[in-house]
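J.: Generate the whole structure from the sequences, applying the supplied hints.
If you read the protein sequences in the order shown, they are chains E and Y.
So that you can map any letter, position 148 of the first sequence is 148 in my numbering, and since no number is skipped, the others follow by simple counting.
To convert, take the position in the second sequence, counting from 1, and add 561; that gives my numbering.
To be clear, the hints were calculated from the coordinates, so they are not data collected in a lab.
Beta carbons: idealized from backbone N, C-alpha and C, even for Gly.
Accuracy of the hints is not assured; some may be wrong.
DEER-style ranges, computed between Cβ atoms [as the list claims (entries may be wrong)]:
#  : chain 1 : residue 1 : chain 2 : residue 2 : range
1  : E       : E178      : Y       : I581      : 55 to 63 Å
2  : Y       : L583      : E       : D401      : 22 to 30 Å
3  : Y       : R602      : E       : Y447      : 41 to 49 Å
4  : E       : Q432      : Y       : R602      : 19 to 27 Å
5  : Y       : G629      : E       : N500      : 29 to 37 Å
6  : E       : L35       : Y       : L564      : 25 to 33 Å
7  : Y       : K570      : E       : L35       : 36 to 44 Å
8  : E       : L35       : Y       : V572      : 33 to 41 Å
9  : Y       : G629      : E       : D401      : 51 to 59 Å
10 : Y       : M582      : E       : Y166      : 23 to 31 Å
11 : E       : L17       : Y       : M582      : 47 to 55 Å
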Amino acid sequence: MIEFIHPSLALFAGALLLPLLRGQLQKIALVGIPLLGLALIALLQPGQHGQFEFMGMNLVLGRVDALSMVFAWVFGIILVIAAIYALHVRDWIQHSAALGYAGSALGAVLAGDLLTLYVFWELMVITSVWLIWRNDSGVSFRAGMRYLIIHAIGGVLLLAGVVIYYQTTGSLAFDAIEVGGAAFWFILLAFMINAAVPPLHAWLADAYPEATITGAIFLSALTTKTAVYTLMRGYPGTELLMWMGAIMTLYGVIYAVLANDIRRILAYHIISQVGYMVCAVGMGTVMAMNGAASHAFTHILYKALLFMGAGAVIYMTGKSRLTDLGGLYRHMPWTFLFFMVGAVSIAGFPLFSGFVSKTMITEAAAMDYRSIIFLMLLMAPAGTFLSIGLKLAWFTFLDRDSGLRPKEAPANMLLAMGLAAFLCFAIGVYPQPLYALMPNPVDYNAYNIGLILKELQLLLFTGLAFFLALKFVRGKNVMALDVDWLYRGGGKWLVVALRNSITAVNRQTRVHVNAALGRYGRSVDRRHGRDGKLARSWPTGSMAMWTAILLASLLVFGIRN
Amino acid sequence: MDLGRLLEKLVNRGRLLAMIMLVLLAVLVLIDIVVPPAYVRFPWDGIGGFPAVYGFVSCLAFIAVAKGLGKLFVYQPEDYYEARDPNADADRNGHD
Chain E
1 MIEFIHPSLA LFAGALLLPL LRGQLQKIAL VGIPLLGLAL IALLQPGQHG
51 QFEFMGMNLV LGRVDALSMV FAWVFGIILV IAAIYALHVR DWIQHSAALG
101 YAGSALGAVL AGDLLTLYVF WELMVITSVW LIWRNDSGVS FRAGMRYLII
151 HAIGGVLLLA GVVIYYQTTG SLAFDAIEVG GAAFWFILLA FMINAAVPPL
201 HAWLADAYPE ATITGAIFLS ALTTKTAVYT LMRGYPGTEL LMWMGAIMTL
251 YGVIYAVLAN DIRRILAYHI ISQVGYMVCA VGMGTVMAMN GAASHAFTHI
301 LYKALLFMGA GAVIYMTGKS RLTDLGGLYR HMPWTFLFFM VGAVSIAGFP
351 LFSGFVSKTM ITEAAAMDYR SIIFLMLLMA PAGTFLSIGL KLAWFTFLDR
401 DSGLRPKEAP ANMLLAMGLA AFLCFAIGVY PQPLYALMPN PVDYNAYNIG
451 LILKELQLLL FTGLAFFLAL KFVRGKNVMA LDVDWLYRGG GKWLVVALRN
501 SITAVNRQTR VHVNAALGRY GRSVDRRHGR DGKLARSWPT GSMAMWTAIL
551 LASLLVFGIR N
Chain Y
562 MDLGRLLEKL VNRGRLLAMI MLVLLAVLVL IDIVVPPAYV RFPWDGIGGF
612 PAVYGFVSCL AFIAVAKGLG KLFVYQPEDY YEARDPNADA DRNGHD
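T.: Structural data, given as structure tokens:
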């Protein structure tokens, strides 16, 4: 029996097979391939698989341990759900890209060495960008280009880090990376770009809202969580990450309050939620690491659910701005219900998945008596609930009637949302199977009266404040600048201005040089040209005279000597 | 069961729901005051109703900070980048 089949292999093969299939067959393959991938993930045995030597380097394609399996499982699950959600889409490029993207993310998570990680890291970028480009608009094309460029920079940083790491340690094994040194910082920066740690986060809020409706589900699940995995593997207990993570949780929330596009609100909340995980990685305690892994697991499910709900709204109404939406609950009640399950999950209401994972991270901070971090992490859920459970839900599904009369979302979308909503609820009420997956034994029960009371008060009073401040929270037809201004705005203008002035100088210089050359040419022409002094033909008489003068002078001077 | 109609009934009783929620809020704070805290790790752990106040204030703070930032500089017209793009003409004539 074959001991190890890499699940990515099935997905890559599927990505290549899909364009050859048509009609029903393609639809069957679209769900069948992810199911096969999930089955292969289930069959993975702990250990180091697929080891081989390449130019003297030890490469490991399949490192299967508890940590990588947490991510492999949830990637497999969300791939199946997202594939069902995308069933109605007739665009094999998107489907193939999504399969290839998921295969690459799985490959990165299972990679046991840095070189393999790097290869899958880059593959993720070039497959995922199609999920943005296939939205087929000038805006998404340019957003995709920016996404590509930022991740290309990240990839180069990673490669540079890996090369330096190999040079200094002589090993490519991907484990906790020793603090200090250039390799440490290069690789950390690359991971932080993908984890969307401010100020390296702007690509996410820029690109995700421009992705295709179904593509955004894959994007929201895979890239940032792969980065969380790599941070957990390489940088546990890096204090910088703890602070950056805590800042992220608040940064994302504040920008979500400013946003008007429903998927941009959700995108900023990815940043906020990934902040919890990054912060937990920074704390690095057993409890915190379990919290990071379990939060990544639950986050992928509820965030995908939220993106699916928002996507269904955009698909059925063609509108994506809060200011254009409202009163949709009557027409899309199931979408509304499922969306709310996602909303209460991300906010961390008891009985839903966010509660059993997020509180683990805040409790980890409390156990270490980190009071400032604790207060920051406690504050963020108020903002999360504010902008998703209240602002987004209220102005999309409730509030005034926008006049839109959409039909309920198609059955495949509802099924996918239902599955995700079921998982969010099931994990919330019965988290034991999730805890059993964790890298370390979990000794934690979220359901104690103190925690329930704390969360309920926090969230419900947030709700009270929301309704009191309702008129200030309404979406506005404006956009909020973020640090991508540096390369989309100021920086770009600076470069363009520089380019323009270089062009102008160049043009001026050429004018001057040309004029000088012209003058020189004319002066040459004057002397050597047809009528120039030196080109004139001399009459024979003058030649005879000059010869006579020469001979005469020779005669005179020559004789004298 | 028609979920849409059920939700509509609930929405039409919004005022009643709001009253129930307010009562629930009060009860929660009361319970928090009565029940002794499980841990005392931080100075605020013994204060009943602290999470309620913290959540309420945090929510208002988020709105205030966000709106403040928006008013100060980050709010711009939606076509901000397009309108100011020095390459826009080239783009329109080229690909796209």
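J.: Take the C-beta atom of L17/E and the C-beta atom of M582/Y, compute their distance, and say whether it sits inside 47 to 55 Å.
T.: Between L17/E and M582/Y, where Cβ atoms are some 53 Å apart, the hint holds.
J.: For the range 55 to 63 Å, tell me whether the beta carbons of E178/E and I581/Y fit it or not.
T.: Holds - the Cβ-Cβ distance for E178/E and I581/Y, about 57 Å, lies within 55 to 63 Å.
J.: Just tell me: holds or violated, for the beta carbon distance of K570/Y and L35/E against 36 to 44 Å?
T.: 40 Å, holds
J.: The hint says 25 to 33 Å between L35/E and L564/Y; measuring C-beta to C-beta, is that right?
T.: 29 Å, holds
J.: Regarding Q432/E and R602/Y, is the given constraint of 19 to 27 Å on their beta-carbon distance met?
T.: 26 Å, holds
J.: How does the Cβ-Cβ distance of G629/Y and N500/E compare with 29 to 37 Å: does it lie in that range?
T.: 36 Å, holds
J.: If I claimed the Cβ atoms of G629/Y and D401/E lie 51 to 59 Å apart, would that claim hold in this structure?
T.: 31 Å, violated
J.: Is 22 to 30 Å a correct range for the gap between the Cβ atoms of L583/Y and D401/E?
T.: 26 Å, holds
J.: Return holds or violated for the Cβ distance of M582/Y and Y166/E against the range 23 to 31 Å.
T.: 59 Å, violated
J.: Against the range 41 to 49 Å, how does the distance between the Cβ atoms of R602/Y and Y447/E compare: consistent or not?
T.: 19 Å, violated
J.: Is 33 to 41 Å respected by the C-beta to C-beta distance linking L35/E and V572/Y?
T.: 39 Å, holds
Going down the numbered hints, you'll see the structure goes against 3, 9, 10, while the others check out.
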